[in-house]
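Asker: What follows is each chain in one-letter form.
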Amino acid sequence: MTEPTIKHATFEIERVYEGVPVARVWTAWTIADEKRRWWGSGNLSADNHDLDFRIGGLEHVTDYAPDGTKYTLEAHYCDIVEGERFVYTYEMSRNDARMSVSVATVVLVPEGDGTRLTLTEQGVFLDGLDTPADREHGTRAVVESLAKALAQVEA
Amino acid sequence: MLKYLADESQPPIDLLFGALADPTRRALIDRLIDGPASVSELAAPLLISLPAVMQQLQVLQSSGLVLSQKVGRVRTCSINPVALSTAEQWIAERRKSWEERLDRLGDYLAEHPEQHKQESGND
Numbered sequence: 001m002t003e004p005t006i007k008h009a010t011f012e013i014e015r016v017y018e019g020v021p022v023a024r025v026w027t028a029w030t031i032a033d034e035k036r037r038w039w040g041s042g043n044l045s046a047d048n049h050d051l052d053f054r055i056g057g058l059e060h061v062t063d064y065a066p067d068g069t070k071y072t073l074e075a076h077y078c079d080i081v082e083g084e085r086f087v088y089t090y091e092m093s094r095n096d097a098r099m100s101v102s103v104a105t106v107v108l109v110p111e112g113d114g115t116r117l118t119l120t121e122q123g124v125f126l127d128g129l130d131t132p133a134d135r136e137h138g139t140r141a142v143v144e145s146l147a148k149a150l151a152q153v154e155a
Numbered sequence: 001m002l003k004y005l006a007d008e009s010q011p012p013i014d015l016l017f018g019a020l021a022d023p024t025r026r027a028l029i030d031r032l033i034d035g036p037a038s039v040s041e042l043a044a045p046l047l048i049s050l051p052a053v054m055q056q057l058q059v060l061q062s063s064g065l066v067l068s069q070k071v072g073r074v075r076t077c078s079i080n081p082v083a084l085s086t087a088e089q090w091i092a093e094r095r096k097s098w099e100e101r102l103d104r105l106g107d108y109l110a111e112h113p114e115q116h117k118q119e120s121g122n123d
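Taken in order, these protein sequences are the chains called Y and P. To convert, note that position 24 of the first sequence is 24 in the working numbering; the numbers rise steadily by one, no gaps. To convert, note that position 79 of the second sequence is 79 in the working numbering; the numbers rise steadily by one, no gaps.
None of these hints come from the bench; they were simulated from the model. This structure is a prediction, so every number in the text was calculated from the model and none was measured. Worth double-checking, as some hints may not be accurate.
Claimed, not checked - Calculated from the model, a selection of chain P residues having no Cβ within reach of chain Y, i.e. all distances over 12 Å: (1) A43; (2) L47; (3) R73.
Unchecked claim - Pair by pair, the computed Cβ-Cβ distance ranges are: (4) Y:V101 with P:S49: 42 to 52 Å; (5) P:D107 with Y:T118: 18 to 28 Å; (6) P:D34 with Y:D33: 44 to 54 Å; (7) Y:H60 with P:G72: 36 to 46 Å; (8) P:E100 with Y:Q122: 17 to 27 Å; (9) P:D107 with Y:V101: 43 to 53 Å; (10) P:A37 with Y:D52: 18 to 28 Å; (11) P:Q61 with Y:G56: 17 to 27 Å; (12) Y:T118 with P:Q55: 35 to 45 Å.
Ideal Cβ positions, reconstructed from N, Cα and C, are used throughout, including at glycine.
Given the sequences, and given the hints that come with them, work out the whole structure.
Answerer: Okay, here's the thing in structure tokens:
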């Protein structure tokens, strides 16, 4: 019904983890057993999460939403500077239909006794999965997520 | 700061962010998602003057999020159904899931200042 389109977008999100040294944040991202413990949200059941954190290494995550929708993430680690930054490419699929191809950059910088984390995502977001129900749901989700993001900016 | 690509029928996400950077405008959008409404219907629950509501609607219209049509003396507003493509929705959802994920990481790090030890077992 809807013509497939593509959108390019870049966004950056920052967090400061006070009292947490860079080395601790690094292990949370780079050791599979650590990453599994915070990566998935409560309403997704993780089917599997494999992580091989090294240049050229792969990561594979499969999650199921409560309605049975399957989400898959396939990542490839391209650049790693130990304790400072890493860059990976990843594809996201919903029910095996590709939704996006992205480059993610995670940079960790010491700040006081803590760590400033900057995540930048540069993505190609693929369209063509559209249904009117998706659209209405999505419109509300957009408003809610923008409101939340902006509330954080304003805070 | 705001980029608008003239050849696109859909407003860029930056412009949407700008349009929604105001609680009154978000309230108007939230109401319009439920269906079209006249300007006075939109203004009724809000504690601001009719001209102020019209000014906010103007911003939403120029962002492409809202359409309006005047029939006789009544101006009716509605959500522009093509304003947000699936891709844009997906971008916003991605951003939202990253925000939530980085917050979960913060909670995890606060609760586990030391690296997880293997022997604590699985549940």
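Asker: Please go over all the hints and tell whether each is borne out by the structure.
Answerer: Do the hints match the structure? See the list:
no.: 1; hint: A43; result: holds (19 Å)
no.: 2; hint: L47; result: holds (19 Å)
no.: 3; hint: R73; result: holds (29 Å)
no.: 4; hint: Y:V101 with P:S49: 42 to 52 Å; result: holds (48 Å)
no.: 5; hint: P:D107 with Y:T118: 18 to 28 Å; result: holds (19 Å)
no.: 6; hint: P:D34 with Y:D33: 44 to 54 Å; result: holds (46 Å)
no.: 7; hint: Y:H60 with P:G72: 36 to 46 Å; result: violated (60 Å)
no.: 8; hint: P:E100 with Y:Q122: 17 to 27 Å; result: holds (20 Å)
no.: 9; hint: P:D107 with Y:V101: 43 to 53 Å; result: violated (30 Å)
no.: 10; hint: P:A37 with Y:D52: 18 to 28 Å; result: violated (53 Å)
no.: 11; hint: P:Q61 with Y:G56: 17 to 27 Å; result: violated (50 Å)
no.: 12; hint: Y:T118 with P:Q55: 35 to 45 Å; result: holds (36 Å)
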